[in-house]
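Visitor: Chain B: place on chain A using the hints.
Chains as they are written, first to last, in our numbering: chain A, 20 to 402; chain B, 33 to 183.
Calculated directly from the structure, the hints in this document are not laboratory data.
Glycine is no exception: its CB is placed at the ideal position from the N, C-alpha and C atoms.
Accuracy of the hints is not assured; some may be wrong.
Computed, partial: chain A to chain B, Cβ under 10 Å [said to hold, decoys possible]:
| id | residue |
| --- | --- |
| 1 | Ser146 |
| 2 | Met169 |
| 3 | Leu280 |
| 4 | Gly327 |
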Amino acid sequence: MTRPARVAKRRQAAVVGIHALPFSKSIGTTERHGGALAILGALKDAGLQVRDVDAMFRYFWEGTTEMEMARILGVENLRMFGEVDYGGGAGPPVTQLAALAIENDLADVVVLWRSRNRSSGGRPWASQYHATGQDQFERPYHVARPVDGMAFHMRYWIHKYGWTPEVTGRVAVTERAHAQRNPAAMMQKPMTMDDYLNARMIADPLRLFDCCLETDGALAMVLTSAERAADLDVTPAYVTGFAMGSGPQMTAMTFFYGDELGVTPNRWVAPELWRNTGLAPKDIDVVQFYDAFTPQIPIAFEEFGFCGEGEAPAYMAEGKNPPYNTSGGGLSEAYVHGFNLLVEGVRQVRGTSTTQVGDVGHVLVTGGNVIPTGAVVFSKEQW
Amino acid sequence: MTMAADVETKPQFPIPIPDRDTQPFWDGCARRELWIQHCTECGKWLWQPRPVCSSCQTPEPKWAKVSGGGRVASWTVMRPPTLPAYAEMVPFVVLLVELDEGVRLLGYLVDDGGRLLKTDGIAEGLAMGSRVALRFYDQAGTLLPSWTPAE
Chain A
20 MTRPARVAKR RQAAVVGIHA LPFSKSIGTT ERHGGALAIL GALKDAGLQV RDVDAMFRYF
80 WEGTTEMEMA RILGVENLRM FGEVDYGGGA GPPVTQLAAL AIENDLADVV VLWRSRNRSS
140 GGRPWASQYH ATGQDQFERP YHVARPVDGM AFHMRYWIHK YGWTPEVTGR VAVTERAHAQ
200 RNPAAMMQKP MTMDDYLNAR MIADPLRLFD CCLETDGALA MVLTSAERAA DLDVTPAYVT
260 GFAMGSGPQM TAMTFFYGDE LGVTPNRWVA PELWRNTGLA PKDIDVVQFY DAFTPQIPIA
320 FEEFGFCGEG EAPAYMAEGK NPPYNTSGGG LSEAYVHGFN LLVEGVRQVR GTSTTQVGDV
380 GHVLVTGGNV IPTGAVVFSK EQW
Chain B
33 MTMAADVETK PQFPIPIPDR DTQPFWDGCA RRELWIQHCT ECGKWLWQPR PVCSSCQTPE
93 PKWAKVSGGG RVASWTVMRP PTLPAYAEMV PFVVLLVELD EGVRLLGYLV DDGGRLLKTD
153 GIAEGLAMGS RVALRFYDQA GTLLPSWTPA E
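With the rest of the complex left out, here is chain A (with noise of 0.2 Å):
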């Protein structure tokens, strides 16, 4: 029989549209208002219309769910929805969805969005006494912030790499650094080496500004075909590849009970991204990698393939990775479960980030690594 048309030609997707609310610790509004916002913006910066949105997908944990954003919003039909679950593991991964559901020629019109109102919203476990599943065995313990698995998993490598304070002080500094360039930062303050040696343990070994921003933000891509992207007044960021993965024995942030400890589920994720690209690190010009905490960038370098095992903090002192995270990431810029580094990442293909890594060909994007995520490339040229 004939190949339907669907699959006749695989096409390709590309981020058209982009938008952030003004970041804050109390945005004054609904997440449902500013995600709406959010994604009205991202369309008026694509010049596409809320007629032309014929798909949806989102975070699991976003509040509001795609039936609701489209009625509030008025699109006529979703072609396609759905949800990923696991935190800031989802960011990469529903930018797959909707390059997937563009490629297959099952939307042409791709709305993603995250509204997060984390800082004047509350903790999420502060109010949760009865603790099930994987929880029973930790919550009773005070093991119920994300920084506290993240602790466990810190002091490991700092025993089995040898890290100073310094190696995951770099981070923070130079996220800072990257966000005193960025406007639209939080924090905009400087920060020295020894203003992060100094400052209060949180989960020690975490220091407080091993830990990302507590924010309220809003913000919103939209995805369409090349074809399509080609008639619009808009610099394309195509989606050249992408990868998720779980690994295996998984336990959302307190990925500390399987065989082998210290392994996060980006050791799976990687060689499926370079499969699934036909790409390098090598080619790779900037990396936006998920920084709730500052210790999963030197292990980030370590599992795509930068660098080798163990060998993160020599690379990154002596200044041989790709910039990293260049809006001020989760650290500095904004924590909104890593939208904002996927905002980034098409900014760089556009040219217009605040620090502007040259005529950017490849960008890497990545979502929380001690949960099931994902990784996404966006790229200036087409297949």
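Guide: Coordinates of chain B only, in the frame set by chain A:
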């Protein structure tokens, strides 16, 4: 305690809500015993509790009582409490302990008598790989596996 009672009364600390798959573990804790799933088909020790052996897929892996001896695989020191009930306890240490059987569990650092140590672990010479022995810490009526230095 029934689920209805749970909903009505906010406990002081987060409390484990066992289910069919995890009940044998908590029943053991109530007797001050540590029970871990041990698949008799393939020999794999399993943590956290599960309805199927994830090594050989045998349903309902058997449970075995273990000594609880092990080594420190990692730890953190809790300082700013997230819930009011912990405020009197900080600083305290939560250990990741690798049992001699190979599985890793969380637990408090306690003294020989099972009392929580108000410490950052330095006085106890806490170190990666150091031997620890099982104790049970009574947290408002919930007996929680915890460990004490054994060297």
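Visitor: Now tell me if each hint is right for this structure.
Guide: So, going through the hints one by one against the coordinates:
no., hint, result
1, Ser146, "holds, 9 Å"
2, Met169, "holds, 9 Å"
3, Leu280, "holds, 6 Å"
4, Gly327, "violated, 22 Å"
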